[in-house]
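Make the full structure from the sequences, and use the hints.
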Amino acid sequence: MNRLFTGVMVGTTALLAIAFLALVGGLGAELWRHSAVQPPDLREVLFAVRLSLTTATVSSVLATLLAIPVAYLLSRYRFPGKALLDTLLDLPIVLSPIALGALLLVFFRTAPGRGIEALLGPFVFEVRGIVLAQLAVVVGLAIRLLKSTFDGIDPEYEHLARTLGYDRVRVFWKVVLPMAAPGLVATLMLVWGRAIGEFGATVMLAGATTMKTETLPVAIHLNFEAADITSAMMFIAVLLAISFGVLLAVRRLHGRSL
Amino acid sequence: MGAASDRGRLVVSGLGVQLGGFALRDVCLACEPGEYHVLIGPTGCGKSTTVKCLLGLHKVQDGRVLLGGDDLTQAPPERRRMGYVPQSHALFPHLNVEGNIRFGIRARRNDATTDNALLERLVDLLGIRGLLQRRVGQLSGGERQKVALARALGAQPELVLLDEPFSALDEGSRRRLWLELRAVFAELGTTVIHITHSLEEASAMGDRLSVMLAGRIAQQGPARDVLERPASPAVAAFLGYRNLYRGVAMPAATGGRIQLEGFSIHTRQPLPFQGPVTLCVRPQDVRIIEEGRAVQPSIAANLLEGVLEQVMLLSDSCVALVRLDGGGQALELRFPVHLQRRFALQAGQRIRLGLYEPGLLVYPD
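Quick note, the sequences are listed as chains C and P, same order.
The opening position of the first sequence corresponds to residue 2 in this note's numbering, with each subsequent residue numbered one higher.
The opening position of the second sequence corresponds to residue 35 in this note's numbering, with each subsequent residue numbered one higher.
Just so you know, these hints were derived from the structure itself, not from any lab.
A hint or two may mislead.
Said to hold, decoys possible - Taking lysine-lysine and the DSSO-like style, the derived pairs with C-alpha atoms no more than 30 Å apart in a straight line are:
no. : chain 1 : residue 1 : chain 2 : residue 2
1   : C       : Lys175    : P       : Lys93
2   : C       : Lys175    : C       : Lys83
3   : C       : Lys83     : P       : Lys93
What the hints assert, rightly or not - A short list of chain C residues far from chain P (calculated; beta carbon distances all over 10 Å):
no. : residue
4   : Phe21
5   : Leu67
6   : Leu185
Think of the CB as a built atom: it goes at the ideal place given N, C-alpha and C, for glycine as much as any other residue.
Here is the structure:
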């Protein structure tokens, strides 16, 4: 029975690993077959990589910064309507990104939305829109991950620091943040990884314009639409490499498997 | 700020707090400067809640907390000048031992020379110089205890609250630390409130004791008085006195008499009350009577006989259980180990006992 149990664990893991490797292998073979015939436009690749890296970095940093106070509030305090608020903030995690993008697009047709655009500049069909779309998609995830990090820190440490003469702000800076540092870094990287792959909300709000709002996932979409398989594969390979690198870095930083 | 002579004087009056289904009611505590005060009670009686209230971590609904003459009832924890060593020690895992101690010292925002001098003094006092560069995960229970204490003392509090400080330690380390900590606090002159449920610890450490039962202070006083003269049957039961008997007190031709189930007790002095009472016979006040030997007057009025049911040899004494003739009540007695050998005591043998009258405790219902 024990051997069967081990067999099921190892077998299932191997099967999934082989399936993913087969996908990557297929991608490699396809690239090898087509690249000599139809080389990709490197200028477009570099633009998409640069835009994706920039927008994902800005949106993930913003999401993490916004998530810190919210996650701490949810982790440490009880108040009326907490369950409702918690559920509301979870919505971006479960809501389809296309639906979220559509909601953002509709919002910018309303008076408050137009007011925000008048104040901060246009979002619809603009690079700003990409950042906002990514932010909307990942902020719920950032809150969830950070809440879990704060939940893992025993409030006794904070109580103790206060008895030593530290007020709540100093306790947060000197105790909570340093103790949450590994979780913060992991959150930032996972959120960044999720933002760089964001497509649905981005397309709805910022559109899919070549060399303007062309992030890596948008570029994949545009090239498939144009039946340029080689370029699409090249973009997929770049996205795959970046995603793999991020996940590996998170594991190394965290010191354990996530 | 209060007067310098008041530094470390704690006065808690009428403290009350309701937390879900649990309540602290009318908690009163008084500690003189430099006093080592032990708050003792069974698990769940409210000791840790009291500590959290004193530290300002729970908002109190009633009462006042004065330290050094200052009313701290509404003060935030960082302004209370109270150090805290929790049961878990809560050493910061992102700092090494020195970092943890300096964390307490830095709260005072002194200059670097003063900070370093204080660090040196604390590490020498607690004998932890060799641990300074260690990660907290590499420390033993006793070492963690000392580092947590050094961190608390680093903030130079007027009062230190120790919450079950020895609960995670083995017996040897615990006893060693009792002596070391008493010496440290005696040298510093810091007032201490020590929370425990261990009678032995309370007896060894406390200048004064407060017994807490079900959210109230049931008795407070010098350690010896509380341990030897419990103020109520509930306190006596908590302190481990199992010879508690319900009966009726009445006057006698000379003195008084308490009629219990199966036997009666005589007192040479009249009892101050009549009617239903609870009698507590402390096990150390039950004497074994040797055949043919004269009996002291303080024992002579209350001689009993029974069958020895159990004899337990402890590290420093013997405890025996006797089933008394008549009503079959059980009576526990404690005596020095050498008497067990002298009388060759063993289960099943008949035994004659006398109760030491001045030690008897009578509580009116």
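So, going through the hints one by one against the coordinates:
no., hint, verdict
1, Lys175(C) <-> Lys93(P), "24 Å, holds"
2, Lys175(C) <-> Lys83(C), "27 Å, holds"
3, Lys83(C) <-> Lys93(P), "21 Å, holds"
4, Phe21, "36 Å, holds"
5, Leu67, "24 Å, holds"
6, Leu185, "12 Å, holds"
Hint check: no violations occur; every hint is consistent with the structure.
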